[in-house]
Amino acid sequence: MKASLKESIAGHAFLIAGAVIALYPFLSIMAQALSPAPGSTASGPTLENFESAWTRGGFSLSLFSSAFVALAVVAVTGFVAALAGYALSVLKVRWRGLIMAVLLIGLVLPSEARIIPLYDMMSSLGLLNTYWALILPQIASSFSLATFWMANYFGALPSSLAEASSLDGANSWQTLRHVYAPLGMSALATLSCLVFLYTWNEFMLALVLMPDDASVQTAPLSLSFFAGNERNTEPEVIAAAAVLVALPVVIAYAFLQRRFMSGLLEGAVKE
Amino acid sequence: MTTAPAVLTVADRGARRARSGRPGRARSRHYLYLVPGFALYAAFTLAPLVQTIQYSFYDWDGITEATWAGVDNYVAVITDPVSRSTFGHSIVFIFFYTVLPTIIGLLIVAVMSRVRIRFLTVFRTVLFLPQILATVVIAVAWRWIFAQDGPINAILDLLSLGALSRAWLGDFATALPAVGLIGTWIMYGLCMVLFVGGVQKIPVELYEAARIDGAGPVREFFSVTLPGLRGEISIALVLTVTNALRNFDIVWNTTSGGPGTSTLVPSYLIYEGAFVTREVGFAAAASVVLTLLILVITGAITRLLRSGADR
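Note that the protein sequences, when read in sequence, are chains Y and E.
Per UniProt numbering, the first sequence runs over residues 1 to 271.
Per UniProt numbering, the second sequence runs over residues 1 to 311.
Keep in mind that the hints were calculated from the coordinates and are not lab data.
Every residue, glycine too, gets a C-beta built ideally from N, C-alpha and C.
A portion of the hints provided could be inaccurate.
Every beta carbon over 10 Å from chain Y, so not counted as near; a handful from chain E, in silico [claimed, not checked]: (1) V75; (2) P130; (3) L159; (4) F172; (5) V218; (6) D249.
Here's a subset of chain E near chain Y, in silico, CB distances under 8 Å, partners left out [unchecked claim]: (7) L34; (8) P48; (9) T52; (10) I132; (11) I294; (12) I297.
To spell it out: a stretch of chain Y is covered by chain E in this simulated footprint if at least three of its residues, at any positions, have a beta carbon under 8 Å from a beta carbon of chain E; those stretches are [unchecked claim]: (13) 110-123; (14) 198-209.
Hey, can you work out the whole structure from these sequences and the hints?
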C-alpha cells in the first residue's frame with residue numbers, strides 16, 4: 001500500500017511536470033502577446049498587439065482563406081470517402097484487396113513525393129495562387145485515411161443491416177442514404193475534426209502552391225511570412241499573430257477534445 | 001393475393017443481391033461509388049508520385065528541355081556532401097523526435113503502471129496540445145524561448161550561468177539539438193498518452209502473477225509492461241520517425257537550415273532544389289530516396305514489433 005502511494009505521488013508529479021512543459025510555450029506567447037509593445041502607452045495587459053497584427057498582417061483575409069479551404073476539404077473528403085468506404089466494406093466490390101493496397105500508398109506518402117509535379121500541374125492549369133491549388137491536393141491527401149476510416153466503421157456494423165434493407169427493396173444507394181449514412185454521422189464527425197486539423201495546419205503545400213498572392217494565403221503561411229519579417233515587427237505583435245492563428249483550432253479542441261483525441265489516436269493506429 | 005408473388009420476387013432478388021454472388025450490372029455499378037474519390041486521388045496523389053519518379057531520372061531545370069540522366073541524380077543524392085549531411089541530421093532528429101519521447105513515455109508508465117491516475121482526461125487534453133498547434137505557431141513560440149533575451153537564457157542568468165547563454169538557434173554548436181528539442185516537445189505528450197492508455201489494457205492478473213513470483217519493479221517493467229505495450233510502442237515509433245524524417249515546417253520557420261547548413265534537412269533540400277536552384281531532377285531523386293527511407297523504416301518497425309506480438 002505504501003509503495004503504491006509513493007508511486008502515485010511520483011507518477012502524478014511526473015505528469016504535472018509534463019503538462020506544465022506542454023502548456024508553457026503556448027502560455028508564454030499568450031503572455032507576450034498581451035504585454036505592451038515598445039512605444040505603447042498601455043501599462044497593463046493590452047489587446048493592442050492583436051489589433052496591430054490583425055491589420056498589418058492581413059489575418060482577417062488569411063483566417064478566412066484557411067477556414068474556407070479547410071471546410072471545403074472536409075466536406076468533399078467526407079462525402080467521397082463515405083461513398084468509397086461504403087463500396088469497400090458493405091458492397092464488398094471485387095479487387096478490394098488491390099484497391100486497399102493502392103489506397104495504402106496515400107497513407108504513408110509524404111508531401112515531398114508529389115510536390116514538384118503538383119506545382120507544374122497547377123502552374124500549367126493556371127491554378128497557382130488560387131484556392132483550388134490547395135483544396136484539390138489536400139482532398140487527395142486525406143482521401144486514403146478517410147476512406148479506411150469510413151470503411152472500418154461501416155464494416156463493423158452488422159451485415160444484417162444491409163440485408164434487411166435490400167429485403168425491403170432498397171437499392172444500394174437508398175441503403176447508404178437511409179441506413180448507413182445516418183449511422184455513420186458520428187464517425188464522420190470525428191473524421192472531420194481530424195481532416196480539419198491536418199488541412200488547417202498544412203504548411204509545405206501552401207508555401208509551394210500559393211506563394212505570391214497574399215489574398216488567398218492560409219493563416220499558417222501568412223504567419224510564417226509575417227514572423228519572418230522580424231526587423232520591422234515587434235516580437236509582441238508576432239506573438240499576437242501566432243495566437244490569432246492558433247486560437248480557432250485551440251477553441252475547437254477545447255470543445256471537441258474527445259473527438260480530436262480519439263481521432264488522432266485512432267488515425268495513428270490505422271497508419 | 002396479388003402482392004404475394006411480388007414480395008417474394010423482391011425478397012428473392014434481395015437475398016441474391018445480399019449474398020452478392022452475382023457479377024451482373026448491379027455489381028459493376030458499385031464501382032461508381034469509388035469514382036469521385038479515386039479520380040481526385042489518382043490525379044493529385046498517384047499521378048504526381050509517378051511523375052516524381054520519372055523526373056528523378058532526368059536532368060532538368062524546369063524550363064528548358066530535360067535530358068536523360070539515368071541514375072546520376074541518385075548518385076548525387078548519395079555522394080554530395082551537403083545532401084549526405086542532411087540525412088545525417090535526420091538521424092539526429094530521430095533521436096530527438098523518437099528516442100527521447102519514447103523513453104519519457106516509458107518512464108511515466110514505469111513509475112505508475114498500476115496506479116489509478118487522477119484527472120486523466122485533463123492530463124490527456126493538455127499533453128495533446130502540441131499535436132494540434134500549427135507547426136508555424138510552435139516555431140514562433142520556440143524562437144522566443146531560444147532567443148537571446150528569451151526564458152532559457154534568463155534562467156541561466158538566474159543560476160549565474162550567464163556565460164552559457166547564447167542565441168540557441170543561431171549557434172553552430174546548438175542549433176541542431178535546439179531544433180531537435182522542439183520535436184521532443186511535440187512528441188512526448190503523444191507517447192505518454194499512448195503508453196498510459198496501453199498500460200490500462202494490460203490484464204491486472206499479469207501484474208499479480210509477477211508479484212507472486214517475487215518480481216521487483218524493474219523485472220515487472222521488462223517482463224509485463226514492456227511486452228504489453230508492443231502495439232502502442234510500434235505506433236509511437238512509426239508516427240515519430242515519420243515526423244522526424246519529414247521535418248520541414250519547423251526547420252523552415254526557425255533556422256531556415258542555418259547557421260550555414262547545420263540544420264539542413266532532406267525536405268529543405270528538395271524544396272530548394274525544386275523551386276530555388278531549379279535542379280528538379282536532383283530534388284525529385286532526393287524525394288524518392290526520402291520516401292523510400294520512410295517506407296522502409298516504418299515498414300521494418302511495424303514488421304518487427306507486430307511479428308513479435310504474435311509470438
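Hints, verified against the model:
no.: 1; hint: V75; in the structure: 19 Å, holds
no.: 2; hint: P130; in the structure: 6 Å, violated
no.: 3; hint: L159; in the structure: 18 Å, holds
no.: 4; hint: F172; in the structure: 21 Å, holds
no.: 5; hint: V218; in the structure: 13 Å, holds
no.: 6; hint: D249; in the structure: 4 Å, violated
no.: 7; hint: L34; in the structure: 5 Å, holds
no.: 8; hint: P48; in the structure: 3 Å, holds
no.: 9; hint: T52; in the structure: 6 Å, holds
no.: 10; hint: I132; in the structure: 5 Å, holds
no.: 11; hint: I294; in the structure: 6 Å, holds
no.: 12; hint: I297; in the structure: 11 Å, violated
no.: 13; hint: 110-123; in the structure: holds (count 12)
no.: 14; hint: 198-209; in the structure: holds (count 6)
Checked against the numbered hints above, the structure violates hints 2, 6 and 12; every other hint is satisfied.
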